[in-house]
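*Asks:* If you want the building blocks of each chain, they are given just below.
Protein chains: 2
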Amino acid sequence: MNYLFTNIIGTFILDDHFKIIDQITFKTVQDYLTKETSEQKLTKKHPLTKPLPPEKLALALNNFRNKKYHLEFYQKNLSLTKKAIRNSVTEDQLIIQAIANINELDKTINLLGKRLREWYSLHFPELSEKIDNHEKYAQFLLEKTRTELIKELNIDSEIMGADLDKTHLDEIKQLANQILQLRDLRYKHESYLHEVMQKYCPNILEMSGTTIGAKLIELARGLKQLAILPASTVQLLGAEKALFRHIKTGSRSPKYGVIINHPFIQNAPRDCKGKASRILADKITLCARLDYFHGEFKALEYKQDLEEKLSQTKKKQPKNVQKN
Amino acid sequence: MNYLFTNIIGTFILDDHFKIIDQITFKTVQDYLTKETSEQKLTKKHPLTKPLPPEKLALALNNFRNKKYHLEFYQKNLSLTKKAIRNSVTEDQLIIQAIANINELDKTINLLGKRLREWYSLHFPELSEKIDNHEKYAQFLLEKTRTELIKELNIDSEIMGADLDKTHLDEIKQLANQILQLRDLRYKHESYLHEVMQKYCPNILEMSGTTIGAKLIELARGLKQLAILPASTVQLLGAEKALFRHIKTGSRSPKYGVIINHPFIQNAPRDCKGKASRILADKITLCARLDYFHGEFKALEYKQDLEEKLSQTKKKQPKNVQKN
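As you go down the protein sequences, you meet chains A and B in turn.
Going left to right, the first sequence walks through residues 807 to 1130 as my numbering numbers them.
Going left to right, the second sequence walks through residues 807 to 1130 as my numbering numbers them.
Keep in mind that the hints are not guaranteed to be accurate.
You can't tell identical chains apart in this list, so a pair holds if it fits in one copy or across any two.
Stated by the list, open to error - The calculated BS3-like cross-link candidates involving lysine-lysine, where the alpha carbons are at most 27 Å apart (straight line), are:
| hint | residue 1 | residue 2 |
| --- | --- | --- |
| 1 | K888 | K972 |
| 2 | K957 | K1054 |
| 3 | K972 | K942 |
| 4 | K833 | K847 |
It should be emphasised that the hints constitute simulated quantities derived from the structure, not laboratory data.
Fair warning: this is a prediction, and the values are worked out from it, not measured in the lab.
Based on the sequences and whatever the hints tell you, model everything.
*Replies:* Here is the structure:
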């Protein structure tokens, strides 16, 4: 009775004393990955061969005690691992990096925006009160002079800011310019994400939008994991801090995580927001499963469902109020 | 006997019952700021006039109880304050804002640089180990392909990164590009600071360099305050945390604050660093005083002093070692 045994070095025929009597050696890792071909060749040549039973593994491995094999084992295993790492990069990782960078850029715009306000306020402190948005502030400052802005925004012409030389103002404007470029990059990233997600997870994209969809994938650490999660967990992704506080101290439980910014929840009447987020999380979970298992595109139907349910609750609302 | 009394509304001649008998009203705040002219005119007209004694102020103010004055007081005081604020903007504020923004940009470059590494490592993880500096990393990634870099940096050609489409790589390159622009802005700010400081505080600039000088002004909150501080405080500016820890817990006292990066301290022998920082802080304090009181330019002499002292300690060093 002969045994067939394969490892990363080759495929072998062993006799009943577990000595090698025939073999095909693998030259590259690719040969190992398609080992079936070599195995079939050998079993054709030795018809009375059965696979090595697992409990005899130690005896078979005795053949490879020789030091000359060690380097080969090491190198082939290394390149096998490298290959596995190379193949593990999927759209998941790309989406996670892009949404993480959007987050980083938002932080940066905020940091530099605050500095811009403080700096330009030496020249024109009244402007900062009038414009809340950092990017709009940067744009105004770049496009118009102080005199123009005073007229346009109806600011009291007796202002508190010092008259600064062009050298100083130019320096501030360069910062403003940089902030606008960071904003542009942020929106470029967003449309890139849209493109990637359109191919990879069209249902999630349609149902939850670019940013929320990507954040959910980031928080779940991949589409597969998101598809596996129960809807109630998806509902609270991004609200972990509040959830654990609830569990620990008994404070009110959170109703929603990152999906809070979804228009469906934003537009829901105030006392239906919890219900709305439950329904939305349900649908997003369905979408994740469709996308992961390459199912049909059903997100538009689901969206319609959602809108009907929202209008129903809205209709019910006034009746309840009249009854009370 | 008549009294002369001036407030923001005008200058007045009061009789001995403190009633107004003559006056010149101020039309603008400017008239108030040059009140001496109006006062001289009135005293010429009424030769027997003396200034109102402070204890009679309440009686004089009775004349202004009428509500019609209230709005005028309010408005003129407001514009006086606005003017004061406008005039309070000096080079100090501009230097403080610029150096603070350099700090912010450094933080940002670090944040986005880390993200860039993580993102590009999906494609080429081996590069991150080879290049420590974020800006150099961004530059390499923009200028060369993976294949070129593998050759140039002698990296094992069996890499772990995935092959990414151009769409994905372009997105990463845009981030790299942004990081380089932020770096450019940082250096522009530095040469702007140099220009401002050359006029405002040439001695400090020569003695401590742009960044350290500006940081000292920022930490002291202005050149005047820096000129007033004792050298021992200047030595520790920026090491407040370590200093208070020393006071509170008795841990080792800090030897230097932001001046630690000065080449004079960097080049000092290891066991002379404390002494070197004391000498350097001394000289910087002298420079701050020269600059604040518009003194001569002596920083070059001081610098020579420093270098002599440094070479003396360096010469002494080997002797001490031989003695021990």
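*Asks:* All hints, please: hold or fail.
*Replies:* Taking the hints in turn, this is what the structure says about them:
no., hint, result
1, K888 with K972, "between (56 Å within a copy, 22 Å between copies)"
2, K957 with K1054, "neither (56 Å within a copy, 55 Å between copies)"
3, K972 with K942, "within (22 Å within a copy, 33 Å between copies)"
4, K833 with K847, "within (16 Å within a copy, 109 Å between copies)"
Going through the hint list in order, the structure does not satisfy hint 2, though it satisfies all others.
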